[in-house]
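**Q** Chains as they are written, first to last, in the working numbering: chain A, 9 to 380; chain B, 9 to 380.
These aren't lab readings, by the way, just hints derived from the structure by calculation.
Predicted model only: the values in this text are computed from it and were never measured.
Every clue listed holds true.
Reference excerpt, derived from the structure (chain A facing chain B, CB under 8 Å, subset only):
| id | residue |
| --- | --- |
| 1 | E84 |
| 2 | F305 |
| 3 | N319 |
According to the in silico footprint, chain B covers these stretches of chain A (three or more CB under 8 Å from chain B):
| id | region |
| --- | --- |
| 4 | 48 to 58 |
| 5 | 90 to 104 |
We treat Cβ as the ideally placed atom computed from N, Cα and C, and that holds for glycine.
This is what each chain is made of:
There are 2 protein chains.
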Amino acid sequence: MTTSFTVTHKDGASRARLGLLKTPHGTVHTPVFMPVGTQGTVKTMTPEEVRDVGGRMILSNTYHLYLRPGHELIREAGGLHRFMNWDGPILTDSGGFQVFSLGPLRKVSEEGVCFRSHIDGSEHFFSPEKAMEVQMSLGSDVAMTFDECPPYPSSREYVHESLERTSRWAKRCRDFHRKEDQSLFGIIQGGVFPELRRQSAQELVKIGFAGYAIGGLSVGEPKNLMYEMLDFTVPFIPEDKPRYLMGVGSPDCLLEGVIRGIDMFDCVLPTRIARNGSVLTRRGKLVVRNAEYARDFSPLDPDCECYACRNYTRSYIRHLIKAGEILGIRLTTIHNLYFVLRLLEEIREAIRNGNILQYRNDFMKAYQEGPL
Amino acid sequence: MTTSFTVTHKDGASRARLGLLKTPHGTVHTPVFMPVGTQGTVKTMTPEEVRDVGGRMILSNTYHLYLRPGHELIREAGGLHRFMNWDGPILTDSGGFQVFSLGPLRKVSEEGVCFRSHIDGSEHFFSPEKAMEVQMSLGSDVAMTFDECPPYPSSREYVHESLERTSRWAKRCRDFHRKEDQSLFGIIQGGVFPELRRQSAQELVKIGFAGYAIGGLSVGEPKNLMYEMLDFTVPFIPEDKPRYLMGVGSPDCLLEGVIRGIDMFDCVLPTRIARNGSVLTRRGKLVVRNAEYARDFSPLDPDCECYACRNYTRSYIRHLIKAGEILGIRLTTIHNLYFVLRLLEEIREAIRNGNILQYRNDFMKAYQEGPL
Chain A
9 MTTSFTVTHK DGASRARLGL LKTPHGTVHT PVFMPVGTQG TVKTMTPEEV RDVGGRMILS
69 NTYHLYLRPG HELIREAGGL HRFMNWDGPI LTDSGGFQVF SLGPLRKVSE EGVCFRSHID
129 GSEHFFSPEK AMEVQMSLGS DVAMTFDECP PYPSSREYVH ESLERTSRWA KRCRDFHRKE
189 DQSLFGIIQG GVFPELRRQS AQELVKIGFA GYAIGGLSVG EPKNLMYEML DFTVPFIPED
249 KPRYLMGVGS PDCLLEGVIR GIDMFDCVLP TRIARNGSVL TRRGKLVVRN AEYARDFSPL
309 DPDCECYACR NYTRSYIRHL IKAGEILGIR LTTIHNLYFV LRLLEEIREA IRNGNILQYR
369 NDFMKAYQEG PL
Chain B
9 MTTSFTVTHK DGASRARLGL LKTPHGTVHT PVFMPVGTQG TVKTMTPEEV RDVGGRMILS
69 NTYHLYLRPG HELIREAGGL HRFMNWDGPI LTDSGGFQVF SLGPLRKVSE EGVCFRSHID
129 GSEHFFSPEK AMEVQMSLGS DVAMTFDECP PYPSSREYVH ESLERTSRWA KRCRDFHRKE
189 DQSLFGIIQG GVFPELRRQS AQELVKIGFA GYAIGGLSVG EPKNLMYEML DFTVPFIPED
249 KPRYLMGVGS PDCLLEGVIR GIDMFDCVLP TRIARNGSVL TRRGKLVVRN AEYARDFSPL
309 DPDCECYACR NYTRSYIRHL IKAGEILGIR LTTIHNLYFV LRLLEEIREA IRNGNILQYR
369 NDFMKAYQEG PL
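Generate the whole structure from the sequences, applying the supplied hints.
**A** Following this line, the structure appears as structure tokens:
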């Protein structure tokens, strides 16, 4: 079987909607947030823990797994699901974003991208076909087309040229991809230029994909500009296909994205700030490694029911982080992922109840007050 | 209540024995191995995971907790058990071993030891009374006397002088200690000199403690010399008191220690080598980070039923460790602690069945063959 998508409910006052994404590894309710397992592991966590905090579908990175341990090795292991012992759905990105982030370490041509490994400096070549080959070896449920993601700000001219190449690459991906139990999503580019977003969306829809991602946002542009791009771009994506906003995961952007019709998100934010000793709470971000929490014997977030909040104090978690103890960042990671995944649960509930706009307002009001 | 000890079974062919150590936080079966939670956490693990791998009693380090986060803070948190969310028995060492390991950073006098923190270089003073005060604040079930642990090799003269000071310090600890729900164990020193071991044991027994540790072994001397010291020292410890061999945890030494009448052990070895990518197996140590395991899709130890061996391959764990992913050392830590704690379970079973010597021989034969 391949992945299929059904919209089950539409909000009356916004573009928010509920859906079911059926994959060979189970069905997930959308809007969904996918925790990021860059190197075949959601950092610090076991698969059981990811599931316990509410994770149902994860993202893993083609670029990283291609370089280490290698997609051939993972294929020999029986695919990424078996290799990492995660039996839920996996989406893999195409490696495009990472390769283009390498800056001077890469060279782009019509054929593809030549780049040097960030690990050992060795030379590699990624093309649309190679990105498909690698993702087919990994065996993810959803593969992404190989795209170019221009930085912000970029000139209209460059973004235009780049999106047209991205469309040609998307076509090559579509033509090369053949794996019955893996779906292929296209990635819409176009920077912050509405007409270019429209052009990109229309070209990709013409090729035809199982889902459409909006890439190249949350790369440094003001949030309002991102929201405008969503307002403008989403209508060009067919109603019956999943819409995936790549690399977005802060609570405000998740809410604004859902309201604009986004079904899928991924982001390293919750797990990355956790490892820096910061946690998300109903009252905003709290830097638990700060000295003010040394003798604070309350939980990270008094309104949270995650494992960390049920069993440990800010004081203890701060001690662990200051002392370099791994359990500290395990607990902040568990908390942050639980927080974001619980937020998505409440978002789905609010859409179901027809009050997503009110929910957004109430949530953001408390979130902006600052931690207790 | 305070800690009490009962010998429940004695082996006929060796000094091995079974016992029950009752503490205010539960009863443990001896011989017991205590995982080390230096800074108030068994590195990388939650308390539930420690229990799942078979941990029943843990050790934590007075020196480290005194410096960070501070014993006063832990007292305010309700004691170490509550601070770290471990409701089983805890033994704290006295800080002596760590302070003396600081080398040029410390100065010894009859009154105590002046030392500099390894964290920030700040100056501190530890005396027998201070070591008691700190451990009473931590609220461990078993506290240890403040001792001096001479390095190996040391001159007979120095070891003699040092053990006599250790005896005087033990008396001061005994006099100062007052906490009804905390037991105090004395530490026998004397290096590798039988007469000095006897003198130390006799002086401590005269003062009278709830248990006796053998310190200053496994500090670089040949293993046979350690075994000789155990043969010689154990008979001077009253039969009805627990005997604790400090800092020992390799499979061979655990077996030889049990056979010589030891009831309690602690060691960082299983958790430390785990973090270096080495695991204990029935066929000896295996360095899973080595290249030869890159495509080895078998478990760490085919004979093991721990969480890591039931769910992951050598190939995946090696990938995680090479990629610097925390889950890698979580899995090797789980495996190594499970291995050692399971070994102790089998040891207790063998003593019960009267075949501990045969068990030792069989175990060591396979262990010396090298990994599959």
